[in-house]
Amino acid sequence: MTAEAPAQPTITIDGRVVPFLPGDTIMKAAEKAALDGTIPRFCYHPGLPVAGTCRMCTVEVEKAPKLMTSCSTPCTDGMIVHTQSDKVKKSREGVMEFLLANHPLDCPVCDQAGECSLQNYNYEYGPRTSEFQEQKRTWSKSTTKKLSDKLTLNMNRCIHCERCVRFTDDVTKTHELTMLNRGWKKELVSAEDLGVVSEYQGNIADICPVGAITFNDFRFQKRVWFLKPRPTLCDGCSKGCAVWADEEKDTIYRYRARRNDEVNGHWICDSGRVSFHTYENPNRIVEPLLKVNNHLIATNWETLAPSFVKELQRAARIILVIGTDATLEEMKEILTLKSLVRNAVFDVRFYNGTSGVHTSADDKAIDDVLRRLDQTSNTKGAESLGLTPLSQNGQGSASSAYDLAIYFRGGRAGIPLKLATKEFGWGVFSKDEVQRFDGVLPGLATVEKSGSYINAAGNTQKFVAAVKAKGSSASVTRILEGLFVVARREADLGVN
Amino acid sequence: MTIVVARHEKISDRFYLVALAQGLVVTMKQMLRSLFGKGIVTIEYPEKRREYSQRFRGAHFISVDSKKTENCTACYLCQTVCPADCITIVAGERDAATSEYGVKKEKRPLSFDIDALRCCFCGFCEEACPKDAIKLSRSYEMATLTREEAQYDLKFLVREVKDRG
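Here the protein sequences line up with chains L and G, keeping their order.
Going by my numbering, the first sequence runs without a break in its numbering and finishes at 530.
Going by my numbering, the second sequence runs without a break in its numbering and finishes at 748.
What the hints contain is simulated information worked out from the structure, not anything from laboratory work.
All C-beta atoms in this analysis are idealised placements derived from N, C-alpha and C, irrespective of residue type, glycine included.
Be a bit skeptical, because a hint or two may be false.
Here are the computed lysine-lysine pairs in the DSSO-like style, where the Cα-Cα straight-line distance is at most 30 Å [unchecked claim]:
hint, chain 1, residue 1, chain 2, residue 2
1, L, Lys256, G, Lys687
2, L, Lys219, G, Lys688
3, L, Lys97, L, Lys123
4, G, Lys651, L, Lys170
Taking beta-carbon pairs under 10 Å as the criterion, some of the chain G residues facing chain L (in silico) [as the list claims (entries may be wrong)]:
hint, residue
5, Thr656
6, Ala657
7, Cys658
8, Tyr659
9, Leu660
10, Gln662
11, Thr663
12, Ala674
13, Ala679
14, Gly685
15, Lys688
16, Glu689
17, Cys712
Some residues of chain L that are not near chain G, with every Cβ distance over 12 Å (derived) [stated by the list, open to error]:
hint, residue
18, Tyr155
19, Gln169
20, Asp203
21, Val320
22, Thr511
Work out the full structure: start from the sequences and follow the hints.
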C-alpha cells in the first residue's frame, strides 16, 4: 500500500472551501482566498502582532458558542465560518455604536476622512442612529497634542486599537507609546511625556485607522479624496522601499508605504517619507541654465544644446561623473555621449557622495528596520554596469586635470569637488548647488521617469513614472536625441 | 438654389399708413397705461430696488462668529462639490496654544478664493457646508469693471452681511 499524502486541510468560509496552512488564522485564510475586505478590522494589521481587542472582525464559527475573532482564531480542518450572518452583522453594529459613542463628528476637519476605517465601516456595518444621549468624553489636554515634531495626537478621535503601541513595541522596539488607565479613561501617552523619537513615526499615522494620529508634514495639506496613488520607489537610500506617491495634478503631496514583503514589508522611514520635497522644491532647476558673463541665466534647449555640443567637441579631456541615483537605463544611455566627442579622453566614473560611502561595500544598515547608510538608490546598479568609482574624496587625481566635467545625477547623489575648468550639471539640482557650473541640463527625478534600480540586497526593481516632468526638464533619451541632432546639423554646416 | 416665395399683399397692406396707425395705437395704449393705469412692470432702479425671495442666490459671503472669525474650517467640501470649479481653498492651522479658541477652529482657511465669473450660483456649496459658513446672499449687484474685482478673496467674503443681504 502506498502512503497517501495527507490532503491539505480546508475550512469553509461563507460556503467557499478554502485551503489553509497549519497555523493560519481565519483572517489569513480569508485574505488568501481573496475574500479580503469582507472581514472588517481595526486592531488587526498584517505587519503587527495580533491583539484581538477591537472585536470588529468577529465571525460566526459553527459549533462555537460565541462569535470568534477571526484575527486570532486558528483554522482547524473542517471548520465552517460565516462572515455575513445576522448574528455577525448585529455584533458589528454594536461594536460600531460603542466606538462612535465617544467619537467626535469632526470628519469635515479630520485629515483621515476619505480613508478612515471608522467612516468606511460605519457606512457598511454601522447603525444609522445612536442611542447615546450623554455628553461625549473629551480630552482637554490631548486634543491637539504634539507627540513629536512629526506627529500630532487628537485623543478625542482615538478608538484604542493600540496599533501605534504595538508598532513602537514590535517594529521599531523603541517603546515610546503606551496606554494609560483603563476603560473610559484609557489614554494614549508617550513614556515620561518625552514624545515619539523613532525614525519611523510616519508609519504610525499610516496605520492609525482613524485620524487620531496625523503626520504633520501632510496635516491639513490636502483632502485625501483628491489624491491619486501612484506606485513608485523611494530613492532615499539603497533600500529601495516601495511607496505610493499620492499626487494631484502632477504635484506629490505625500508618500505612503507600499507593501513589498521582499524589501520593506509595510513600512518606510520618515526621511524617505518626506523625500518627495526634493522634487517639489521651488528652488529646483527645471529650465536649462547657461553661464553668460559669469551669471547663470535661464535659457531654452535650443540655446543650450549648441553651446554644450561645442564644449564637448572643443575639450581634450572630458570626465563624465554618473551619480549613483540614476536608473540603470539612464546610465547605459548616457554612455553614448562618447560618440559626440572627437578624439578626446573620455573618462566615466560613478560617484555616490554619501559621506563614508564610496562603493556598495561601504554600505550598511544603520538600524534594525530599514534605513541604510548609502543615501542613493542605485550604487549596485552602477557597479553592475562595470563603471569605476571616482576617487575616494571626490576629487580627480592631480595628474588628470580635465577640461570639461559633466555631473549627471537624479537629485540625491553628491556633487564632486571641482574636477575641470568647465563644468556642466545634468539632472536634478537645486539653485544653490549649481552656482559654480557653466550650464545645467535639467533632467528627471525618480517620480517622473521609468526605469530600474538595483537595491542593496541585489533586487532589481522596475518602476514607472508617477507624475509629469516639471518645466522643461527632459529625459536622458530626449536630451541625447537633441544633442545628436545639433551635432549632425553643425557637422553638415561645417561649423567648428 | 433659390426658392421664390410669392407674396400676396393686398392694396391696404401695400399702403403702409394703416399698419403704422395700428402700431401707434398699441404704443400709446401701453404708454398711457404705464403712466396712469395699474400693472406697472418697471421700477425706478436704483432709487427703488426689488425685494427678492429669501432663497435668492446672489453674491457669496462667509458667516462669522461673535468675534468676527470666519466659521469656515477649510474642509474643502464646497470645493469638492462645486460643479463650476470656482472655489480654491488653502488650509492652515491656528496654533491651539495661543488661539483664543483653543483646539476649536484649529483648522482654518489661509486663503479662500471664489471666481465669481465662473460661479453658476447653483448653491451646492451652501448645501455642502457643514458649518453654515459659505452662503449666498441676496445681493445681485455683482457687476464689476475689471475681471480681478470678481475674484472674491477671504477678506471680501467675511464682510458683514445682515439677514443674507
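Do the hints match the structure? See the list:
1. Lys256/L with Lys687/G: 20 Å, holds
2. Lys219/L with Lys688/G: 25 Å, holds
3. Lys97/L with Lys123/L: 18 Å, holds
4. Lys651/G with Lys170/L: 28 Å, holds
5. Thr656: With a closest approach of 5 Å, the Thr656/G hint holds.
6. Ala657: Holds, about 7 Å.
7. Cys658: 4 Å, holds
8. Tyr659: 5 Å, holds
9. Leu660: 6 Å, holds
10. Gln662: 8 Å, holds
11. Thr663: For Thr663/G, the interface hint holds, since the closest Cβ of chain L sits about 7 Å away, which is under 10 Å.
12. Ala674: At about 4 Å, which falls below the 10 Å cut-off, the nearest Cβ of chain L leaves the hint on Ala674/G intact, so it holds.
13. Ala679: 4 Å, holds
14. Gly685: Holds, about 8 Å.
15. Lys688: For Lys688/G, the interface hint holds, since the closest Cβ of chain L sits about 9 Å away, which is under 10 Å.
16. Glu689: 6 Å, holds
17. Cys712: 9 Å, holds
18. Tyr155: At about 21 Å from chain G, Tyr155/L clears the 12 Å cut-off, so the statement holds.
19. Gln169: It holds; Gln169/L is separated from chain G by about 16 Å at its closest Cβ, greater than 12 Å.
20. Asp203: Its Cβ never comes within 12 Å of chain G, the nearest being 29 Å, so this holds.
21. Val320: Fine: 23 Å to the nearest Cβ keeps Val320/L off the interface.
22. Thr511: The assertion about Thr511/L holds, with a minimum of 36 Å to chain G.
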